[in-house]
Amino acid sequence: MTIVTRRNALVGGAGLLLAGCDRIVASPTVKAVLGYGEKATMSAQRLVTDRTALAPEFTRADLSPNFRVNGTRVPGDAAYQAHMARGFADWRLVVDGMVARPVSLSLAQLQAMPARTQITRHDCVEGWSAIGEWTGVPLILLLKAAGLSANARYVVFHCADDYHGTPYYESIDLVEAFHPQTILAHHMNGQPLSVGHGAPLRLRVERQLGYKQAKYVMRIEAVATLAGIHGGGGGYWEDRKGYQWWAGI
Amino acid sequence: MDGKLIYRTKLPVRIWHWLNAFTIFVMLMSGMMILNAHPRLYWGKYGANPDKAWLELPKFPGYDDPFPPLVTIPSSYDLAAARQWHFFFAWVLGIGIVLFLAYALASRHLTRDLWLTREERAPAHLWHDIKEHARLRFPTGEAARRYNPLQKIAYLGVVLVLIPLVILTGLTMSPAMNAAFPVLLDLFGGRQSARSIHFLCAAGLALFIAVHLLMVLLAGPVNELRSMVTGWYRLPEEKAR
Chain A
1 MTIVTRRNAL VGGAGLLLAG CDRIVASPTV KAVLGYGEKA TMSAQRLVTD
51 RTALAPEFTR ADLSPNFRVN GTRVPGDAAY QAHMARGFAD WRLVVDGMVA
101 RPVSLSLAQL QAMPARTQIT RHDCVEGWSA IGEWTGVPLI LLLKAAGLSA
151 NARYVVFHCA DDYHGTPYYE SIDLVEAFHP QTILAHHMNG QPLSVGHGAP
201 LRLRVERQLG YKQAKYVMRI EAVATLAGIH GGGGGYWEDR KGYQWWAGI
Chain B
1 MDGKLIYRTK LPVRIWHWLN AFTIFVMLMS GMMILNAHPR LYWGKYGANP
51 DKAWLELPKF PGYDDPFPPL VTIPSSYDLA AARQWHFFFA WVLGIGIVLF
101 LAYALASRHL TRDLWLTREE RAPAHLWHDI KEHARLRFPT GEAARRYNPL
151 QKIAYLGVVL VLIPLVILTG LTMSPAMNAA FPVLLDLFGG RQSARSIHFL
201 CAAGLALFIA VHLLMVLLAG PVNELRSMVT GWYRLPEEKA R
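Going down the list, the sequences are from chains A and B. Its first residue numbered 1, the first sequence is counted upward by one per residue in our numbering. Its first residue numbered 1, the second sequence is counted upward by one per residue in our numbering.
Everything labelled a hint here was simulated from the structure, so no lab data went into it. Yeah, the Cβ is synthetic: ideal placement off N, Cα and C, and Gly gets one too. Please note: incorrect hints may appear among the correct ones.
[Stated by the list, open to error] Residues from chain A that keep clear of chain B, each with C-beta distances beyond 10 Å, as calculated:
| id | residue |
| --- | --- |
| 1 | Asp50 |
| 2 | Ser64 |
| 3 | Asp77 |
| 4 | Ala82 |
| 5 | Arg121 |
| 6 | Ile140 |
| 7 | Arg153 |
| 8 | Leu174 |
| 9 | Gly242 |
[Unchecked claim] List time: in silico DSSO-like cross-link candidates among lysine-lysine, alpha-carbon distance up to 30 Å:
| id | chain 1 | residue 1 | chain 2 | residue 2 |
| --- | --- | --- | --- | --- |
| 10 | B | Lys4 | B | Lys152 |
| 11 | B | Lys10 | A | Lys241 |
| 12 | A | Lys241 | B | Lys59 |
| 13 | B | Lys131 | B | Lys152 |
| 14 | A | Lys39 | B | Lys45 |
| 15 | B | Lys45 | B | Lys59 |
| 16 | B | Lys10 | B | Lys152 |
| 17 | A | Lys241 | A | Lys39 |
| 18 | B | Lys152 | B | Lys59 |
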């Protein structure tokens, strides 16, 4: 015989409520409708933001005393570890895909290129913020050097780190790619980039959230579409957990 | 004998009330999931684990996060989906409050029904109203035609302070919006301050809902619900004191 106590009824009722809510959340129709919100947000933000509007820049007095390391701390990849052991002396960045002349640049060559230094705020999707000073090559210079094709629409960043065998990657469109603050940073707070923060080279896209700031960038690929690249979502977290490709909010 | 039935709440106000009520619940529940991701709050431009938090929410007994599954959207940890819900309904909240305030101004709902009259603003009058509330004595008869002063203050606080502030501080947390309108950061004292104020406004809205529902129960839930569904409200009978 089952005795339904008030407590059991309450727990059972809560369980039913949860199951009902979970079905709504999991519904493909609901997901599709919510997706319109994401598109509307990106369009509206683009509408009110000048293409070249700069993310706020801060002073050295505003630097986070301790900029926390997030995501991968040390990539496990054997080739990366070998580069790390040699101080990235033979490491090269490849720029290819839809470009006229694929280029391959050493860290020394990248460091000899014109650089931009910016003190900006890094905002994690989880909610925390840290302020750091970044020095690096504007992405637009690399794309010009390689001769970006007129048909390219996105720039994909392939990284040396992986999560259980799935490589990290990210992508941005050309509005962000040509933005003056979009740089490939090789220095942080005046020091060569540490391994924890993405040595030897990491992306800074200052008008978007932390997961777009790809660390350990090995290859920059210009593409016409994101379909066919890994899961097609335009980034590791986008594919894996459904994070928003537009990370301006 | 029953009191007189009056037409108290106009259709646009009722539509907005229910749409907004649903929206606020979605925003609070998805917001609690988002806060679960980093349940620490800071003042200033930056703030992360190594920095000093002014508030660190404890884990809910028996769970890994401060807010348990029954109160979050989605129920199990999913920051990406919570953000998708939050930013969709942010549009409903934002467009809704703009339309409501425009209607309230144009129809004089704001100035006639919500704004406190000169005598209601007098400290003695407010103090009297506080004492009456504490004794759970609510206006009856003709006096119940109008919202009472504390009720007006609560409603004005929601539509003119809490909702606008929660939207503005929400926008201030967006890095793209920071590039477009850096003045928002100056206004709230930095992104992490904006995040803290956003949380406090949300807590204020949650408190409002709790008191609002309690008042509906105390004032007669059937009559109150009918007036917010059909617009018709029965004036409570005058009681002999």
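(message) Does Lys59 of chain B sit within 30 Å of Lys241 of chain A, going by the straight-line distance between their CA atoms?
(response) Satisfied, since the Cα-Cα distance of roughly 23 Å is no more than 30 Å.
(request) Please confirm whether Arg121 of chain A is truly not at the interface, meaning its C-beta sits more than 10 Å away from all C-beta atoms of chain B. (result) Arg121 of chain A is in fact no farther than 10 Å from some Cβ atom of chain B, at 6 Å.
(message) Please check whether the beta-carbon of Ala82 of chain A is more than 10 Å away from every beta-carbon in chain B.
(response) Holds, since 32 Å exceeds 10 Å.
(request) Given the hint that Lys10 of chain B pairs with Lys152 of chain B, test it: the Cα-Cα distance must not exceed 30 Å. (result) Roughly 17 Å between the alpha carbons, so the hint for Lys10 of chain B and Lys152 of chain B holds.
(message) Between the alpha carbons of Lys131 of chain B and Lys152 of chain B, is the straight-line distance 30 Å or under?
(response) holds, 16 Å
(request) For the pair we were handed, Lys241 of chain A and Lys39 of chain A, check the Cα-Cα distance against 30 Å. (result) holds, 18 Å
(request) Beyond 10 Å from every chain B Cβ: check whether that's true for Ser64 of chain A. (result) Ser64 of chain A is in fact no farther than 10 Å from some Cβ atom of chain B, at 5 Å.
(message) Between the alpha carbons of Lys10 of chain B and Lys241 of chain A, is the straight-line distance 30 Å or under?
(response) Roughly 44 Å separates the two Cα atoms, so the pair is violated.
(message) Does Lys152 of chain B sit within 30 Å of Lys4 of chain B, going by the straight-line distance between their CA atoms?
(response) holds, 22 Å
(request) Given the hint that Lys152 of chain B pairs with Lys59 of chain B, test it: the Cα-Cα distance must not exceed 30 Å. (result) It is violated: about 36 Å lies between the C-alpha atoms, which goes past 30 Å.
(request) With a cut-off of 30 Å on the C-alpha distance, tell me whether Lys45 of chain B and Lys59 of chain B pass. (result) holds, 26 Å
(request) Taking the shortest Cβ-to-Cβ distance between Asp50 of chain A and chain B, state whether it exceeds 10 Å. (result) Per Cβ check, Asp50 of chain A is inside 10 Å of chain B; nearest 7 Å; violated.
The structure does not agree with the numbered hints 1, 2, 5, 9, 11 and 18 stated previously, though it agrees with the rest.
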